[in-house]
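Counting from 75, one number per residue, gives the positions in the sequence shown under the working numbering.
For the record, the hints were derived by calculation from the structure and aren't laboratory data. For clarity, every value in this text was computed on a predicted model and none was experimentally measured. It is possible that part of the hints are untrue.
The following label-pair restraints were derived from C-beta to C-beta distances [what the hints assert, rightly or not]:
#, residue 1, residue 2, range
1, 100, 209, 37 to 43 Å
2, 186, 90, 27 to 33 Å
3, 106, 227, 45 to 51 Å
4, 86, 211, 35 to 41 Å
5, 159, 227, 54 to 60 Å
6, 217, 120, 31 to 37 Å
7, 179, 206, 24 to 30 Å
All C-beta atoms, glycine included, are put in the ideal place defined by N, C-alpha and C.
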Amino acid sequence: MAEPKEKTEQEEIKHIVRVANTDLEGKKSVQYSLTGIKGINRRSARIISDISGVDPAATMGYLEDEQIETLNKTVDDIESILPVWMLNRRKDYLSGEDKHIVATDVLLIKREDLNSMKKTRSYKGIRHERGHKVRGQRTKSTGRIGLVVGVKRKVN
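Construct all of the structure, not just a fragment, from the sequences and the given hints.
Below, the structure is given as structure tokens:
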């Protein structure tokens with residue numbers, strides 16, 4: 075009798091769940107599946123699942139559509155939920171606001187920041203342009219990227 079129950083569970087599972095314009099694995103727990111969204115770590119994923127009323131240990135694929143919608147709304151409203159010290163973009167360069175950036179916005183804003191550093195010709199911007207180390211690492215012996223690997227033998 076256990077076999078038919080397992081088959082119905084396999085039919086009900088959603089292998090891919092869409093939250094915050096990101097495809098998440100349905101086989102993982104809610105807490106670890108939410109970490110697939112850029113800008114959300116394990117701690118903020120736990121807070122999101124607790125506030126939305128979803129068990130963090132539950133499998134993501136077995137959630138109902140209503141629960142997924144509450145997760146979506148909670149992720150969209152994450153700035154008001156998390157404390158200020160947990161936000162990933164405090165005192166934004168342009169607006170001066172505290173923000174929490176999620177999903178594709180992370181990549182876009184990072185690219186904008188790099189371009190503004192390059193445009194203002196700051197030290198970090200110049201290092202980024204030239205492809206050098208930016209944060210003060212040594213460059214003499216480590217971090218040799220793009221050079222010839224190994225020694226070639228002379229063929230007789």
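Look at the Cβ atoms of residue 179 and residue 206 and judge whether their distance stays inside 24 to 30 Å. With a Cβ separation near 28 Å, residue 179 and residue 206 satisfy 24 to 30 Å, so the hint holds.
Using the beta carbons of residue 186 and residue 90, state whether their distance is inside 27 to 33 Å or not. The hint (27 to 33 Å, Cβ to Cβ) holds, given that residue 186 and residue 90 are roughly 30 Å apart.
The hint says 37 to 43 Å between residue 100 and residue 209; measuring C-beta to C-beta, is that right? Between residue 100 and residue 209, where Cβ atoms are some 38 Å apart, the hint holds.
Indicate whether the distance between the beta carbons of residue 86 and residue 211 respects the range 35 to 41 Å. violated (50 Å)
State, for the Cβ atoms of residue 217 and residue 120, whether the hinted interval 31 to 37 Å holds or is violated. holds (36 Å)
Verdict for residue 159, residue 227 (Cβ pair) under range 54 to 60 Å: holds (58 Å)
Cβ distance range 45 to 51 Å for residue 106 and residue 227, holds or violated: holds (49 Å)
The structure fails hint 4 only (numbered hints given earlier).
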